[in-house]
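Q: Line by line, the protein sequences are chains A and B.
Residue 50 in our numbering is what sits at position 50 of the first sequence, and the numbering runs on without skipping anything.
Residue 1016 in our numbering is what sits at position 16 of the second sequence, and the numbering runs on without skipping anything.
It is worth saying that the hints were derived from the structure and are not from the lab.
Do not rely on the hints blindly, as some may be mistaken.
What the hints assert, rightly or not - Estimated spans, in silico, between C-beta atoms of each pair: (1) B:1098 to A:2: 42 to 52 angstroms; (2) B:1042 to A:58: 35 to 45 angstroms; (3) A:58 to B:1001: 15 to 25 angstroms.
We treat Cβ as the ideally placed atom computed from N, Cα and C, and that holds for glycine.
The lines below spell out each chain.
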Amino acid sequence: MVITVLFFASLADAVGTRELSLAHMPGDTVASVRDRLIAAHPQVSEFTETLLYAVDEEYADEDAPVPAGATLALIPPVSGG
Amino acid sequence: MLIRVTPERLNPEEAIEAVRRDEAGAVDVFLGIVRNTNKGRAVDHLVYDAYPSMAEKTMREVAEEALERFDLTDSAVLHRTGRLEIGETSLLVAVSAGHRAATFEAGHWLVNEVKRRVPVWKKEVWADGEEWIEGPESLGMERAPATMRGS
Chain A
1 MVITVLFFAS
11 LADAVGTREL
21 SLAHMPGDTV
31 ASVRDRLIAA
41 HPQVSEFTET
51 LLYAVDEEYA
61 DEDAPVPAGA
71 TLALIPPVSG
81 G
Chain B
1001 MLIRVTPERL
1011 NPEEAIEAVR
1021 RDEAGAVDVF
1031 LGIVRNTNKG
1041 RAVDHLVYDA
1051 YPSMAEKTMR
1061 EVAEEALERF
1071 DLTDSAVLHR
1081 TGRLEIGETS
1091 LLVAVSAGHR
1101 AATFEAGHWL
1111 VNEVKRRVPV
1121 WKKEVWADGE
1131 EWIEGPESLG
1141 MERAPATMRG
1151 S
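One chain only, chain A, in its complex shape (with noise of 0.2 angstroms):
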């Protein structure tokens, strides 16, 4: 099973991409998954100061637990309106 990782705005031109899969693995947490991400894309450890995270779409800790089939989006600071 996978994990579909977001990105957007300056981050989604930071990586270079707006969407990656992960391999789960036992026991992920959004803190987990974003360590993976970051010794894979380095530069996404310049955001993580101000980063927001949501799983399935609802707004989550750092360790709240990531399920297998799980959308992880890292959020940049919004500024809609």
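Following the hints, put chain B in place on chain A, whose structure we already have.
A: Below, chain B alone, put in the same frame as chain A:
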């Protein structure tokens, strides 16, 4: 309740008709407009990015919260995405209620909450460059979860 994230032009008349009710004596409408300047710098146009499915879900949550909090009869929240020229409408909020006071308050509150909570981002494009805006009104600055604070 009319909720939409769309690259198409926003039509205020559609939102007004969506919230109009025989028992509602007031409709308040807010249009967020693309301004030609920001912080003293001339803006050429804006580009809006969004997480459309979550944005619509979050807009619906905010709109439902407003219905209850202000005893509205109905509400409409629409946000545009993609490239917007100066003078175009980026955000459209319409609310209806029995009397005007509730609509003014609810409209103000709804716009603030949309700007803080909904996953939409604007990029300013100038004659000589561009930048994604990560505004102080956003959730990230004002309402970060406890795990984010002080990090």
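Q: Confirm or reject each hint.
A: Comparing the hints with the structure gives:
1. B:1098 to A:2: 42 to 52 angstroms: With Cβ atoms ~51 angstroms apart, the hint holds.
2. B:1042 to A:58: 35 to 45 angstroms: 39 angstroms Cβ-Cβ, so the 35 to 45 angstroms window holds.
3. A:58 to B:1001: 15 to 25 angstroms: 20 angstroms, holds
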